[in-house]
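Peer 1: Sequences are here, hints too, so could you generate the full structure?
Numbered by full-length UniProt numbering, the letters in the sequence shown go through residues 1 to 279 in order.
Keep in mind the hints are simulated off the structure, nothing from the lab.
Restraint ranges, calculated between C-beta atoms of paired labels, are given here: (1) ASP18 <-> ALA56: 36 to 42 Å; (2) GLY32 <-> GLN78: 20 to 26 Å; (3) GLN177 <-> GLY58: 48 to 54 Å; (4) VAL185 <-> PRO261: 25 to 31 Å.
Glycine included, every Cβ here is placed at the ideal spot set by N, Cα and C.
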Amino acid sequence: MNTTHTTTPTLLDERLADTQQAFDSVAADYDGPRGNNIAIQDMRAEMWRWLEASFAPGSRLIDLGCGTGLDAVHLAGQGHQVTATDWSPGMVARTRERAEQAGLSVDTHVLGAHELQHLPGEGRFDGAYSNLGPLNCVPDLTAVAAECARLIRPGGRLVFTVIGRWCPWEIAHYARQRRWQRLAVRFARETVAVGMNGRTIWTRYYTPAEFYAAFQPHFALEVQRGLCVFVPPPYLTGLAERHPRWHQRLWALDRRVAGWPGINRLGDHFLLVMRRRDS
Numbered sequence: 001m002n003t004t005h006t007t008t009p010t011l012l013d014e015r016l017a018d019t020q021q022a023f024d025s026v027a028a029d030y031d032g033p034r035g036n037n038i039a040i041q042d043m044r045a046e047m048w049r050w051l052e053a054s055f056a057p058g059s060r061l062i063d064l065g066c067g068t069g070l071d072a073v074h075l076a077g078q079g080h081q082v083t084a085t086d087w088s089p090g091m092v093a094r095t096r097e098r099a100e101q102a103g104l105s106v107d108t109h110v111l112g113a114h115e116l117q118h119l120p121g122e123g124r125f126d127g128a129y130s131n132l133g134p135l136n137c138v139p140d141l142t143a144v145a146a147e148c149a150r151l152i153r154p155g156g157r158l159v160f161t162v163i164g165r166w167c168p169w170e171i172a173h174y175a176r177q178r179r180w181q182r183l184a185v186r187f188a189r190e191t192v193a194v195g196m197n198g199r200t201i202w203t204r205y206y207t208p209a210e211f212y213a214a215f216q217p218h219f220a221l222e223v224q225r226g227l228c229v230f231v232p233p234p235y236l237t238g239l240a241e242r243h244p245r246w247h248q249r250l251w252a253l254d255r256r257v258a259g260w261p262g263i264n265r266l267g268d269h270f271l272l273v274m275r276r277r278d279s
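Peer 2: Rendered as structure tokens:
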């Protein structure tokens, strides 16, 4: 960098900074209702089920968007070697603290998924995962896919949960309130501003096909499932708290049919498992 000149931040830089500051502002309490309510706990349990099925014991894994470290520390406790990354310094600090308190080793980096070129080691990882939508905030998925292909050995896997476009509960919820502008947010084809804690997270919503298109040259799709298809999304967690038995029945239905063609395109999130191609 030329230190004798100042540079004008680009719009992309400003949006990345907005998103970073938004997550920093909630890092201290993100394990509470905002980031770990009953619905999110159930979504995380489903993700852990697929992580266990996808990675052999002792795998070397990258966590893309580690948040407060719930996934990274869980996997480290299962014997995996986890490199945890996040664009938010506050979140990385929480992950480091959680690992230390658990007496576990987790390699932590303040590193956005858009900065994976700074992570060394071609083919040194067995896989990567990203849970609950960090990759919705990445400006260039194609670049992320290329860096994942560089870092992950042939045959290694990616397991991602991504915020989707077609969420039946959200459509019904906002249509009932006649909040048409809010209902339309997920259907934008570009990055949109989403509020959190009085700040802005710049987010892009995807269908599974749109998301996978960036990874298809390097990774073969093995699993596609909807997540929270029949279950209300996390911001409607009051329904789950008032009707816990009903909530669990809907989760059982979700697990049973969320991989069926057509249904696997729906949900608050979707889950993809992809395998690194041999060449």
